[in-house]
Amino acid sequence: MFKSVKKLLLPLALVLVAALVLTGCGSTDKTTTPATGTPALTGSFKIIGSNTITPLSAVWAENFMKVNSKVSIAVSGPGSGVGIAALIDGTTDICQASRAIKASEITQAQEKGVDPYEIQVATDALSVIVNPANPVSELTFAQLSAIYTNQITNWQEVGGNDAPILVLSRDNNSGTFAYFLEDVVQMAGMTTADKTLQYGGKVLLLPSTEEGISQVAGNANAIFYSGLGYLNDTVKAVAIKKTASDAAVLPSVATSLNGTYPISRPLFYYTNGAPTGAIKVYIDYCLSDEGQQEVLVAGFVPLPK
Amino acid sequence: MKQETGSSSPTAAADPTRGLQRRLRLGERVIEGWILLAGLLAIVVLLGIIFILLREGLPIFAHTPPWEFLFGTKWYPLADPPVFGISAFFVSTLMITVISTVVAVPIGVACAAYLSEVAPHKVAETIKPIIEILAGIPSVMMGFIGLALLSPLVQSLFNLNTGLCGLTAAIMLSLMSLPIIVSVSEDALHAVPKEFKEASYALGATKWETIWHVCIPSALSGIAAAIMLGVGRAIGETMTVLMVAGGALAVPVSPTDPMTTMTSAIASGIGNAVRGGVQYQALFAVGLILFILTLAVNIIAERVLERQKRKFSR
Numbered sequence: 001m002f003k004s005v006k007k008l009l010l011p012l013a014l015v016l017v018a019a020l021v022l023t024g025c026g027s028t029d030k031t032t033t034p035a036t037g038t039p040a041l042t043g044s045f046k047i048i049g050s051n052t053i054t055p056l057s058a059v060w061a062e063n064f065m066k067v068n069s070k071v072s073i074a075v076s077g078p079g080s081g082v083g084i085a086a087l088i089d090g091t092t093d094i095c096q097a098s099r100a101i102k103a104s105e106i107t108q109a110q111e112k113g114v115d116p117y118e119i120q121v122a123t124d125a126l127s128v129i130v131n132p133a134n135p136v137s138e139l140t141f142a143q144l145s146a147i148y149t150n151q152i153t154n155w156q157e158v159g160g161n162d163a164p165i166l167v168l169s170r171d172n173n174s175g176t177f178a179y180f181l182e183d184v185v186q187m188a189g190m191t192t193a194d195k196t197l198q199y200g201g202k203v204l205l206l207p208s209t210e211e212g213i214s215q216v217a218g219n220a221n222a223i224f225y226s227g228l229g230y231l232n233d234t235v236k237a238v239a240i241k242k243t244a245s246d247a248a249v250l251p252s253v254a255t256s257l258n259g260t261y262p263i264s265r266p267l268f269y270y271t272n273g274a275p276t277g278a279i280k281v282y283i284d285y286c287l288s289d290e291g292q293q294e295v296l297v298a299g300f301v302p303l304p305k
Numbered sequence: 306m307k308q309e310t311g312s313s314s315p316t317a318a319a320d321p322t323r324g325l326q327r328r329l330r331l332g333e334r335v336i337e338g339w340i341l342l343a344g345l346l347a348i349v350v351l352l353g354i355i356f357i358l359l360r361e362g363l364p365i366f367a368h369t370p371p372w373e374f375l376f377g378t379k380w381y382p383l384a385d386p387p388v389f390g391i392s393a394f395f396v397s398t399l400m401i402t403v404i405s406t407v408v409a410v411p412i413g414v415a416c417a418a419y420l421s422e423v424a425p426h427k428v429a430e431t432i433k434p435i436i437e438i439l440a441g442i443p444s445v446m447m448g449f450i451g452l453a454l455l456s457p458l459v460q461s462l463f464n465l466n467t468g469l470c471g472l473t474a475a476i477m478l479s480l481m482s483l484p485i486i487v488s489v490s491e492d493a494l495h496a497v498p499k500e501f502k503e504a505s506y507a508l509g510a511t512k513w514e515t516i517w518h519v520c521i522p523s524a525l526s527g528i529a530a531a532i533m534l535g536v537g538r539a540i541g542e543t544m545t546v547l548m549v550a551g552g553a554l555a556v557p558v559s560p561t562d563p564m565t566t567m568t569s570a571i572a573s574g575i576g577n578a579v580r581g582g583v584q585y586q587a588l589f590a591v592g593l594i595l596f597i598l599t600l601a602v603n604i605i606a607e608r609v610l611e612r613q614k615r616k617f618s619r
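The listed protein sequences derive, respectively, from chains Y and A.
Under the working numbering, the first sequence has 156 at position 156, and the numbering climbs by one with no breaks.
If you count the second sequence from 1, you need to add 305 to reach the working numbering.
There's no promise every hint is true.
Unchecked claim - From the structure, some residues in chain Y lie toward chain A, with a derived Cβ separation under 10 Å:
hint, residue
1, Gly-83
2, Ile-84
3, Ile-88
4, Gln-108
5, Asn-150
6, Ile-152
7, Glu-157
8, Gly-159
9, Asn-161
10, Ile-165
11, Leu-168
12, Asp-194
13, Lys-195
14, Gln-198
15, Gly-200
It should be emphasised that the hints constitute simulated quantities derived from the structure, not laboratory data.
For every residue, glycine included, the Cβ atom is placed at its ideal position computed from N, Cα and C.
Given only the sequences and the hints, what does the whole structure look like? Please build it.
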């Protein structure tokens with residue numbers, strides 16, 4: 001038994017070494033065609049935060065590393081709250097956040113000698129999604145708020161089938177959770193605003209956006225919210241109106257750009273002080289025409305020119 | 306050989322022997338010291354963990370009084386002011402642990418009895434390692450299986466709105482604790498002296514009667530230890546529960562409600578919590594209570610085993 005394992009080890013090691021050598025060659029080849037790259041740019045940095053922005057940051061980082069082979073960027077998306085906590089604790093270089101940093105968090109950061117520097121990198125139309133089989137196609141803020149506080153529990157009450165509503169949300173690490181809570185559930189900025197409202201006890205708090213999407217795709221009674229970039233044809237976006245007398249608007253790049261879609265929000269990068277070195281070059285790339293083109297591809301809304 | 310028989314010439318043989326003994330004694334002392342050091346290290350680490358739990362967790366009670374923390378039903382760390390009440394997590398943890406134990410123990414002990422007493426030697430020797438491999442499946446994989454296979458099944462079986470609920474989590478946890486329960490119980494049953502069984506058969510008892518009245522009672526201390534290990538795994542398991550239990554914040558009424566356990570509350574909240582902040586302290590306090598809970602389970606287990614031993618020595 002052990003002998004056969006030993007026999008296997010050598011070829012396995014050889015294959016691994018060969019693979020390493022080959023991939024190493026591949027990446028050095030690509031540096032010969034720098035588009036925006038600075039030849040001697042080196043460094044490594046981390047981007048931690050929003051689950052919503054992660055697919056976009058991953059594309060940006062990948063493109064950037066192709067051109068600048070000596071820079072390594074690690075992207076992870078456990079949630080905006082995690083990113084901001086990491087920025088405050090000094091354990092990340094860039095925090096990606098789908099909500100603005102709070103005043104209390106800025107105070108906490110300054111106490112620890114961190115000076116949060118805000119850069120808007122894109123815009124997102126926050127989409128409310130249901131199963132394609134669900135006949136409900138538009139909702140008002142008041143209805144959404146009642147659904148997410150468990151006051152409305154049956155689809156019938158908002159013009160759907162007689163079926164219980166399965167309310168899905170991200171967990172409280174999520175910037176989308178916080179943004180949706182403030183802007184939609186508590187209806188900030190409206191005359192009916194109520195800061196005491198919270199998500200109801202029967203709302204399912206899920207660890208990732210992907211899990212919510214797959215639950216909605218498989219459950220005719222489910223409702224969830226997610227970044228525009230996560231939409232696909234297994235789910236249906238609901239048209240939103242701020243009050244019952246407004247026109248219902250579907251989330252899209254166009255409706256977000258012209259300001260008619262009511263739940264558009266900025267997506268941010270935060271650094272400790274103004275970015276310098278490789279991080280500055282990277283963020284300049286993200287904000288460039290080339291970088292903003294990727295925003296569209298990833299399904300988000302580019303910054304206005 | 307010479308030393309044993311002829312003690313007349315001690316000077317000739319004593320020197321090398323003494324050298325060897327001295328070397329052995331030295332080696333012995335080094336090893337003893339090493340073991341002492343390792344033991345002390347374990348104790349220091351344990352005390353360190355308790356100290357940190359207390360230091361980081363206790364300050365929350367200046368913000369939320371202990372009774373409100375323990376019996377409050379609302380957990381809103383992002384509200385202004387934040388509200389911390391863990392009774393929903395506590396009830397969820399107990400519910401999931403109890404159900405998974407109730408499911409896993411009869412199956413596990415029966416399986417162990419089969420492997421140890423009924424199955425042909427070759428079958429048992431093949432099946433046991435396979436069951437032990439089950440223990441090595443990463444919990445995230447079990448969560449994935451629960452998400453993809455079990456939760457739709459539970460949903461349609463009980464006609465629920467979602468299959469992400471405490472029951473799904475409990476079934477997955479019982480599957481995860483089965484290997485431990487089977488393996489440890491089988492060892493305990495295997496260690497029952499052959500004379501006990503032979504005496505039982507000699508009295509005309511059937512195989513079933515022997516297993517039920519002789520083997521299981523005399524292996525009970527080992528089986529109890531196995532059950533406690535299983536319970537420990539169910540209380541402490543995080544990933545699977547986080548993925549399939551649903552994560553609702555309300556106090557669960559039925560096992561088919563979506564729920565959040567103490568471990569998944571910590572896992573889903575700790576990243577968001579700034580070190581030293583109120584939410585951070587609250588989560589450490591949850592950890593402290595989890596620690597007290599597992600300690601209580603261990604102490605109870607110890608007591609049960611002690612009583613069992615006394616009963617048998619009579």
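Against the structure, the hints:
1. Gly-83: Holds, because the Cβ-Cβ distance from Gly-83 of chain Y to chain A comes to roughly 9 Å (cut-off 10 Å).
2. Ile-84: holds (8 Å)
3. Ile-88: holds (5 Å)
4. Gln-108: Because about 6 Å separates Gln-108 of chain Y from the closest Cβ in chain A, which is inside the 10 Å limit, the hint holds.
5. Asn-150: Nearest chain A Cβ about 8 Å off; hint holds.
6. Ile-152: violated (14 Å)
7. Glu-157: violated (15 Å)
8. Gly-159: Check failed: Cβ of Gly-159 of chain Y comes no nearer than 19 Å to chain A, outside 10 Å.
9. Asn-161: With a closest approach of 13 Å, the Asn-161 of chain Y hint is violated.
10. Ile-165: Where the cut-off is 10 Å and the nearest Cβ of chain A is about 8 Å from Ile-165 of chain Y, the hint holds.
11. Leu-168: Status holds, d = 9 Å.
12. Asp-194: Hint on Asp-194 of chain Y: violated, closest Cβ of chain A at ~12 Å, above 10 Å.
13. Lys-195: Cβ of Lys-195 of chain Y sits 7 Å from chain A, so the hint holds.
14. Gln-198: holds (5 Å)
15. Gly-200: holds (8 Å)
The earlier numbered hints that this structure contradicts are 6, 7, 8, 9 and 12.
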